[in-house]
Every structure is written in structure tokens, then in C-alpha cells.
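Protein chains: 2
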Amino acid sequence: MHGRNHTAQVIRFGQEFFLLDCGEGTQIQLRKYKVKTSKISTIFISHLHGDHYLGLIGLLSSYHLSKRTEVLQIFGPRGLNEIITTHFRWSQTRLNYPLEFTETTTEGKVTLLDHPQFTVSSFPLQHRIPTTGFIIQEKAGLRSLIKEKLQETELPLEAIQQLRLGHDYLASDGIHYFAKDYCHPSASLRSYAFCSDTTFTPSLAPYFEGVDLLYHEATFMEADSHRAAETFHCTASQAGQLAQLAGVKKLLLGHFSSRYPDLSELLAEAQTIFPNSILSEEGITYPIPSSHE
Amino acid sequence: MHGRNHTAQVIRFGQEFFLLDCGEGTQIQLRKYKVKTSKISTIFISHLHGDHYLGLIGLLSSYHLSKRTEVLQIFGPRGLNEIITTHFRWSQTRLNYPLEFTETTTEGKVTLLDHPQFTVSSFPLQHRIPTTGFIIQEKAGLRSLIKEKLQETELPLEAIQQLRLGHDYLASDGIHYFAKDYCHPSASLRSYAFCSDTTFTPSLAPYFEGVDLLYHEATFMEADSHRAAETFHCTASQAGQLAQLAGVKKLLLGHFSSRYPDLSELLAEAQTIFPNSILSEEGITYPIPSSHE
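Residue numbers (the numbering used here), protein chains in the order written: chain C, 1 to 293; chain Y, 1 to 293.
A portion of the hints provided could be inaccurate.
[Claimed, not checked] Cut-off 25 angstroms, straight-line C-alpha distance, at most; resulting in silico cross-link-like pairs (PhoX-like, lysine-lysine): (1) Y/K109 with Y/K139; (2) Y/K34 with Y/K67; (3) Y/K67 with C/K32; (4) Y/K109 with Y/K249; (5) Y/K139 with C/K34; (6) C/K39 with C/K67; (7) Y/K67 with Y/K109; (8) Y/K39 with C/K32; (9) C/K109 with C/K147.
[Claimed, not checked] Going by beta-carbon spacing under 7 angstroms, a handful of chain C positions derived as facing chain Y: (10) I28; (11) L30; (12) G79; (13) I83; (14) G283.
[Said to hold, decoys possible] Which stretches of chain C does chain Y cover? Using the computed rule of at least three CB atoms under 8 angstroms from a CB of chain Y, they are: (15) 20-27; (16) 54-63; (17) 115-122; (18) 231-241.
These are computed hints drawn from the structure, not numbers from a lab.
Every residue gets a Cβ at the ideal spot worked out from N, C-alpha and C, and that includes glycine.
Turn these sequences into a full structure, and let the hints guide you.
Encoded structure:
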């Protein structure tokens with residue numbers, strides 16, 4: 001409605017591409033915005049309401065028809081695997097590529113992917129059916145050395161390794177070497193959390209405390225808060241409250257009800273509580289900049 | 001690709017609206033072209049390849065969310081009902097409206113709907129998985145009487161009924177009354193046949209002999225006829241041959257491979273065999289005019 005489509009987000013981290021949710025028409029939108037779908041290695045589905053996953057079978061079919069051979073990982077709730085296999089059983093399709101499905105749970109925070117540079121974890125949301133959010137957290141990399149300092153002192157290899165990991169080093173002769181003296185500060189660790197559909201629950205905040213960017217649904221405005229409660233959704237104001245509670249840096253609002261053709265008031269409502277709020281718009285890239293501490 | 005979407009056709013007959021196939025994104029396209037989806041009473045699915053039915057669950061969900069209460073009839077192949085119930089079981093959805101599913105078969109021509117004004121029947125196509133075409137055939141209505149003739153003769157009610165049905169009438173006094181003398185000719189009976197995906201099989205022609213409009217897939221051009229054969233599809237030339245064999249009035253080509261950005265040569269190929277061929281275009285209405293014999 002109003003040119004808005006169902007939920008789907010492409011996350012790029014270096015050379016890694018993920019898809020968070022995959023509503024109907026996602027593959028059509030991905031083509032429109034010239035996203036190289038073949039690069040997507042992993043798909044995360046938050047829950048089994050149609051507007052969050054009904055584009056999945058079409059995307060998987062297209063991968064098959066375009067002769068994909070790379071493994072595709074899918075993380076999603078119980079039932080998704082049965083849905084996928086039911087479709088492909090009836091279409092008599094044996095996928096050209098390996099599909100690895102892992103069931104998510106709503107029991108606390110669970111690490112789904114442990115990549116050398118980042119982790120992806122799920123955490124429970126509160127919706128009508130089992131639903132998880134996802135959080136992507138960058139890992140500390142090795143710090144770069146301050147060349148001038150290194151030329152002053154002769155350091156053993158082991159000391160350099162420890163210092164680059166950000167650890168201070170105690171040499172056998174009793175001298176302390178401090179990471180902050182020998183290394184540039186590490187790049188700040190970026191993080192992104194995704195809350196697709198959820199009722200307002202302050203207890204969720206710890207799961208995404210301090211993230212750089214929080215995507216949070218803001219289906220309704222406060223004037224329709226009874227509808228939000230009935231349908232297990234949030235208002236813009238509630239999304240703002242959660243962002244504030246969790247001390248996130250920026251709030252990206254989404255999943256707007258079609259009853260609001262114009263979203264400026266909805267944005268204003270969130271900004272009253274949490275000023276650094278923006279509206280998510282179709283086809284736009286939201287960078288999470290890497291800055292120094 | 002090239003702005004073309006997956007298969008879905010809305011058929012309107014008087015106040016009746018049907019949907020033939022329902023590829024991914026159909027509900028989005030229906031909204032775009034301002035089709036009143038609530039008026040659709042019956043959906044016919046030809047087969048379980050994604051580009052012909054993956055929009056169905058989304059449309060059914062939207063009917064539920066928009067509080068539809070009218071019965072929805074679905075005719076489709078074995079397996080479709082399992083797919084539908086699997087989705088709604090996992091989304092914990094109990095539809096607001098009655099959904100009546102009837103399994104189609106590929107055993108000859110089968111009447112699916114017998115409406116006072118028309119019938120809808122399925123007939124087998126030849127594809128990789130069980131697939132049917134559909135044909136909608138108008139029934140003869142009552143003929144209108146020629147008033148002047150009626151004033152000349154006093155006819156019993158029973159005679160009038162027979163004559164209006166197009167039957168001649170033999171009175172008890174041995175006099176023959178001929179329908180053609182007392183009634184205007186009936187409007188010609190319109191018919192439309194839909195062949196979604198099929199390999200070239202001349203034996204299909206009798207199923208849609210003489211129809212006013214034949215929609216037939218023309219996925220490839222003759223230069224790629226090996227691909228057509230491998231994938232159980234037709235070339236434009238083969239679609240033209242079938243139209244000619246069946247003596248249809250007009251041929252509507254569709255289901256074009258994304259390898260052809262420009263379709264003018266494909267159309268020309270069909271027209272070489274069957275001149276009254278046209279390309280189906282998204283969002284366009286193709287009327288089947290009612291004319292007198």
C-alpha cells in the first residue's frame with residue numbers, strides 16, 4: 001500500500017550478504033534495486049506471518065532456476081522447513097544447491113552464526129506466534145601498531161600479538177607494555193538489531209542495548225494503541241521508548257500500517273521520545289559507519 | 001524481468017470474477033490495476049510451479065486480514081490444499097471465510113463450475129508436473145421472441161418456452177413451429193481457453209476447438225526450440241500451430257522467457273502461422289465481444 005512493500009532487508013558486512021525476512025515480492029524488489037541476489041549466503045526469517053516470509057519459496061525457486069550451486073543457509077522458526085519441503089515436494093523440485101535449515105528458538109539469546117568478524121544471534125520477540133529478532137555484532141579485529149613506538153622498543157612476537165588483541169603485556173623482565181601505547185585504538189564495534197513484529201515489552205531492551213542502529217517496527221501511532229495491543233504490535237512512541245531504554249544510537253522505524261498514507265506524524269511521535277529516529281524507506285541503504293573510539 | 005510478472009489473469013463474466021493462476025506478487029499487481037479483489041469468487045490454479053501459484057497464500061492472507069466472509073472456491077492440483085493448510089497451520093490462522101478446495105485431475109475434460117450462464121472446465125496439458133488448462137464457455141440463454149410473429153399466431157406457453165430455448169415445436173394439431181421463425185437468433189456463445197504451461201501436443205487442440213480467444217504460452221522462439229522441448233514449453237510458432245489446428249478466432253500469447261527483452265520477433269513468428277495473434281500485456285483487458293450469429 002502507498003508504494004510500501006512487505007518486510008525484507010539486505011545486510012552487507014564486507015563480502016557477506018544476508019537477508020532478514022523475505023515478504024512476498026522480495027525477489028522482484030531485489031531485482032529492481034539491482035541487488036546481486038546470488039551473493040546472499042544466509043537468510044534469517046523472524047516468524048511465519050505472510051508479510052515476513054512469503055517471498056522465500058519464490059527466491060529459492062529462482063536460485064534453482066539460475067543454477068545456484070553455493071550452499072544457502074536459512075535460519076527460521078519451527079515449521080518453515082516443513083513449508084519449504086512441502087512446496088518443493090509438490091513441484092517435484094530437487095534444488096541444485098544445498099539448503100541448510102536451522103530452527104530458531106525463542107529461548108533467550110542464541111548465537112546463530114559465529115564468523116571471524118561478527119556474530120549473528122537471535123533473541124525472542126513477543127508476537128502472536130513464535131518470533132525472534134536478530135542482532136549482528138562486529139567482533140574486535142586486530143589493532144594496527146603505532147610504527148614509531150615499535151621502532152623505539154624491541155618487542156618479542158608474543159608481545160605484539162597480545163598488544164594487537166588489545167591486551168596489555170607483562171614481559172619476563174617485569175616491564176609492563178600497554179596496548180594503548182603501542183596500538184591505534186580499535187575501530188568501534190558496529191552492531192545492528194532487527195525487531196520485525198512485537199508487542200511493547202521493555203524486557204526486550206537488554207537484547208539490543210547500545211546498538212548503533214535498531215530497526216524496530218512501529219506499526220501504529222499512539223492514537224491507535226488499542227489496535228497495537230490487540231495485534232501484538234508497537235506504536236511509534238513505544239518504539240522510541242524501547243530505543244531510549246536500550247540506549248541505542250539510532251532508531252530506524254518500519255512496518256507501518258497502511259492506514260497511514262503520510263508517515264511524518266508517526267515519525268514525529270517517535271522523535272518526541274527518541275530524537276534520533278528515522279523512517280525506513282524502500283530501496284534505501286542505511287550505512288553503519290565504522291568510527292574510532 | 002523486463003517489467004513482466006508471473007502468470008495471473010482476472011476473468012470477468014457479468015458480475016462474476018475469477019482468477020486464473022496466481023504467481024508471486026499477484027495481489028500487488030491487482031492493487032496496482034485497481035481490481036476489486038473482494039469480488040473474486042473462484043481461483044483456478046493450473047499447476048504447482050512457483051510462477052503460477054506463489055501469490056496465492058498472500059492473497060488468501062489478505063482476504064483474511066480484510067475480513068472477507070464470502071466463500072472462496074479454489075480449483076487446483078493435488079497438493080495445493082496441503083500447501084495451503086501447512087502455511088495456515090504454522091501461522092496459526094483460522095480463516096474468517098470458508099475456503100472450498102476442489103482437486104483437479106488431468107483425466108480428460110472435467111466440468112468444474114456449472115453456472116446458469118457458463119461453464120468452466122479443466123483439460124489436461126502436458127508439462128513436467130500435473131497441469132491443467134481451463135476453458136470458460138458461455139451457455140445459450142433464452143432467445144428473444146419476434147413480437148410481430150407472436151401477434152400473428154396464438155401459441156401455447158409450452159411452445160413459447162421450447163422456441164425460446166431454440167427448439168422447434170410440434171403442436172398437437174400436427175403443425176410445426178420453427179424457432180428460427182419466432183425468435184431472434186441467440187447471441188453467439190463466447191468462449192475462452194487458458195493454456196498456462198505445456199509442451200507442444202497437437203492432441204490438445206480438440207479441447208479448445210473454435211474458441212473465441214485462446215491464451216497459450218509461447219515461452220520460446222523456434223531458434224530455442226530445443227530449450228522448449230527440454231523444459232516442456234512451447235515456441236511462438238507452436239502456439240500458432242495449435243491455434244490454427246483448433247480453428248480458434250484469436251490467439252493471445254504469453255509466458256515469455258526473460259531471454260527476449262523485445263517480443264516483436266516472437267509475435268511475428270506466431271503470426272506467420274496464425275495471423276490473428278497478439279501479445280498479452282500486463283494490466284490490459286482483452287474483451288471477448290458478444291456478437292450475433
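> Against chain Y, does the stretch 231-241 of chain C show at least 3 residues with beta-carbon separation below 8 angstroms?
Replying inline: Answer violated; 0 residues pass the 8 angstroms Cβ test.
>> Can you confirm whether the C-alpha distance between C/K109 and C/K147 stays at or below 25 angstroms?
In response: Violated, because 40 angstroms separates the two Cα atoms, which is more than 25 angstroms.
> Should the hint that C/I83 touches chain Y count as held when the rule is a Cβ pair under 7 angstroms?
Replying inline: 6 angstroms, holds
> If you draw a straight line from the CA of Y/K67 to the CA of Y/K109, is it 25 angstroms or shorter?
Replying inline: 35 angstroms, violated
>> Check the hint pairing Y/K139 with C/K34 against an upper bound of 25 angstroms on the C-alpha distance.
In response: Roughly 49 angstroms between the alpha carbons, so the hint for Y/K139 and C/K34 is violated.
>> Just to be careful, I want the Cα atoms of Y/K109 and Y/K249 compared with a cutoff of 25 angstroms; is the pair within it?
In response: With a Cα-Cα distance of about 21 angstroms, the restraint between Y/K109 and Y/K249 holds, given a limit of 25 angstroms.
>> Min Cβ distance, C/I28 to chain Y: is it shorter than 7 angstroms?
In response: 6 angstroms, holds
> In terms of beta carbon proximity below 8 angstroms, does the stretch 54-63 of chain C have 3 or more residues touching chain Y?
Replying inline: holds (count 5)
> Under the criterion of a CB-CB separation shorter than 7 angstroms, is C/L30 in contact with chain Y as hinted?
Replying inline: Status violated, d = 12 angstroms.
> Is Y/K109 close enough to Y/K139, meaning Cα to Cα at most 25 angstroms?
Replying inline: Holds - the C-alpha atoms of Y/K139 and Y/K109 are around 17 angstroms apart, at most 25 angstroms.
> Given as covered by chain Y, does the stretch 115-122 of chain C meet the bar of three residues or more with CB within less than 8 angstroms?
Replying inline: Violated: only 0 residues of the stretch 115-122 of chain C have a Cβ under 8 angstroms from chain Y.
>> What's the verdict on C/K39 and C/K67, does the C-alpha distance respect the 25 angstroms limit or exceed it?
In response: 13 angstroms, holds
Of the numbered hints given earlier, the model fails hints 3, 5, 7, 8, 9, 11, 14, 17, 18; all others are met.
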